[in-house]
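Produce the complete structure using the sequences and hints provided.
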Amino acid sequence: MNKPIRTVSIFCLVLFLALMINATYLQYWKAGALNDNPLNRRVQVAAYSQERGAILVGRNPVAESVKSDDQYKFQRTYPKPREFAPITGYFSYYGATAIERSRNSVLSGDDPRLFVKNFVDLLSSEPPQGGNVTLTIDAKAQRAAYDGLKGLGKDVQGSVVAIEPATGKVLAMVSLPTYDPNDLASHDLASVARKAQQLNEDPTEPLLNRAIQTRLPPGSTFKVVTSAAAIEKGLYDADSKVPGGVTYQLPLTSGPTGEIDNEGRNCGANGSKIPFRQAMEQSCNTAYAQIAEQVGAEDMAKTAEAFGFNQHYFDDLSPQALSVFPEELDKAQLGQTGFGQFDVSATPLQMAMVSAGIANAGSVMKPYLVDEEQSADLNVLSKTDPEKFSQAISAKTASEVTKLMVSTVDEGTASPAAIPGISVAGKTGTAQTGTDDTSPYAWFISFAPADNPEVAVAVMIQNADIPRDEVAGGLLGGPIAKSVMEAVIK
Amino acid sequence: MAAPSSTIMGFVHRRRRGAELFLLVLALIVGIGAYAAVGVGVQGEVPPDILGYGGWLVGLIIGAHVVIRLVAPYADPVLLPVVAALNGLGLAVIHRIDLAKEAAGDADGFAQQQLIWMTLGVGLFLVTLLAIRDHRLLQRFTYTSGLAAIVLLLLPMLPGIGRTINGARIWIHLGPFSFQPGELAKLLLVIAFAGYLVLHRDALALAGRRVLFVDLPRGRDLGPILAMWLVSLGILVFQHDLGSSLLFFGLFLIMLYVATERPGWLVVGGLMFVGGATLAYVLFGHVRIRFDIWQHPFDFYTAEQGGKSFQPVEAKFGMGWGGLIGRGFGDGDPNRVPYANSDFILSSIGEELGLTAVMAVLMMYGLIVERALRTALICRDAFGKLVATGLGTAIALQVFVVVGGVTGLIPLTGLTTPFLSYGGSSLVANWVIIALLLRISDQARRPLPSISDDTTAISSDDTQVVRLGASS
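Quick note, the sequences are listed as chains A and B, same order.
Using this note's numbering, you'd call the opening residue of the first sequence number 1 and step up by one each time.
Using this note's numbering, you'd call the opening residue of the second sequence number 1001 and step up by one each time.
The hints are simulated quantities; they were obtained by calculation from the structure and are not laboratory data.
None of these values were measured; they are calculated from a predicted model.
Any given hint could be a false lead.
As the list claims (entries may be wrong) - Each computed EDC-like pair below joins lysine to aspartate or glutamate, with the alpha-carbon atoms no more than 16 Å apart:
1) K396/A x D343/A
2) K233/A x E293/A
3) K3/A x E1261/B
4) K73/A x D1331/B
5) K331/A x D315/A
6) K273/A x D239/A
Here it is in structure tokens:
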């Protein structure tokens, strides 16, 4: 019987070899794929139990991990939750958003640049610590923007973005309504799930970062782009005269639907010419429709895209909505785009970039939110260098457009943003929503000081507790923009 | 020609009890060290009861060692240490899962129960060694143990004491005790098969038709294998126990092959297995689902998908998370896998101790099988050879079925991991199996009685005469 016993031994050897090879396959070759599987809660719990780095504004954390006594060891807390929620996002058991997500590798300590420190920690049996992320946010500007927007009432929906024109640093980014990320970072998972569901089902969409995720018709603030395109093309300068009119019948149309007006503002008689400054100060739709037609669809699109329309340019938060300047326009549609209607739509960040581009002599800087990444012992891992996005218009054109915007603050509709002693450039916008029962959207863009700009602001108010007739970009957005600019300059 | 044969006859196995003692010390270091490591890893301190616990383990194992010295001095020196190490590691891991359950709020103290079962197991191990001084005695009980095995297998089907747990009707409950009779049936079946095959192997070895270089058995001899096939199918159909079904049939097939030396039986049995498996797949939903889960584990994971593959997928995640060296005791989450302390204990080991420990455990099982088959090779009687082969392959098949199932090599079946898993019936039965193997190896390695010494002397004289004659 010994021969078959030897055969059986070989058979058993094969069985064991198969088990060993399969175990090696599972625990070595396939381990990475298993760990990356989104169903794998172990990896998430481990991430959740780690001491994450802080998200800092200046030296103050807006998100940090503090020790907790339960199984997860650390609790993520947000000292200024509602003000910074659109930027920090939340870090919950079920996932993360915004900076918590986009900079997760540094915050969690998984970043390869933290390898040496982690290795040293491992040897000295210190638990690994995540690195810190420093934001470009100016605490005072952020506070001013948040307080200003909140001051419009409790149901306000809107956003404020401020950019440093010379670098593209985002100095303030506020979105309302907002939420408390502490609720979602809680270790009481049942309450987190309840709260998350409640926030997801809320019709006012508090989880939305309106600064980058909501795009709306920019209305008259887009006249800045139209002006820039016209001047860049050499058609006019700030002192030229442009076609005006009480009403203007768009090409290819007849009757009241194709007839535009200026809601009673003084824009000259039909067929007359008015100064460019007046067209801007009084936000003359009739003038800008005609200017856009003179510029032509191609050059309008070229200028808009140079400012960032139809382009991706913001890497620090996602997802973000693409701002749109439509293609294949007929003449009537082209006229409407001249004052920011038809299918033109922009995020508040986009309009802040338009303002900042004019302020920075036509050079549009790529906006960014993360200034530095640091290891836990405060060594700088990376510092973001300002990067030029495009030279949208010449410096000469930019200074002409600036003149128009300054006189709009000094003499025209943007006067609520005027700061005594400082020259401010600005433009209002009030975009029609298309339906009568919803209020129009109020916009405001500005920068200051006009001669040496330090800050460019865009304010967007989607909805507020204000009667429909009283919504005007200048009245609502102007004071907010003013306080943000003052916070940066003073 | 006579010279080599005389050397073989004259070869005397050494007792190697000192080697066994040395290996036992290593095994105890594994068991007690693992227990201490669990305490340090999970609770941050060496468990306060380490002395009592360690003392208990040392007492059991050294007690077993002393009895072996007295009643089976030539027994294989590797088996007991390997088994002691596996049992100690298993206890530590079960204790680790206990602590995780405690943290989650349901304390059961499985490790303590397992230690009681281990004590009982070692006790029966000693009783077996003391009571059965010659394994050939067991041949008398061929039909008794066959009948007992069948009764044991049928017990769970009885209303009143039979229980269905996790879809498999393989448990009996008597008062507070629950018992999986299949584990003991495995041992009884090996004895019954061996006794039967020793008597009938000549008839079963007669060749029938020859197909492709293989002599197939005669049709009229197919009775026993057909009966075993039906029993296995019955276990699968009525008890939903895929693992035992596979184990019993494979066991019988291999013993039949060893007894008759006819590979033809493997062909016949293999075809019957494929046929039975296909039939079961076509006819029974629960077999089909097992197979589908094995093929596409991630498609059945979430609650919306039925959560049927939650356990195997979590086991895979755990083992992947463990990687090469494991998370360390207390730093993994093995309790995520349902039954992490019994059927899926290997995934707990893989998660917290890594591929390294999984390999070590598989090596230890491999050693047990190797020692059992080695015993079969050197055993002098056919019955002993068959029992040793049967017990060795039973362990090999069981490890393959359960570890293969946990790691996704084959569809999941549900058997205990010998000596590691929580479960009294399995642990006790396996200790008795080791006692039998030790008894057979003691018989096999023991020098022949002194009468053969004379024969050896004479034959070596003869050799000399022949050699002188040849040289002259």
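Hint by hint, here is what the structure shows:
no. : hint            : in the structure
1   : K396/A x D343/A : violated, 29 Å
2   : K233/A x E293/A : holds, 13 Å
3   : K3/A x E1261/B  : holds, 8 Å
4   : K73/A x D1331/B : holds, 12 Å
5   : K331/A x D315/A : violated, 35 Å
6   : K273/A x D239/A : holds, 12 Å
In this structure, the earlier hints numbered 1, 5 are contradicted, and the remaining ones agree with it.
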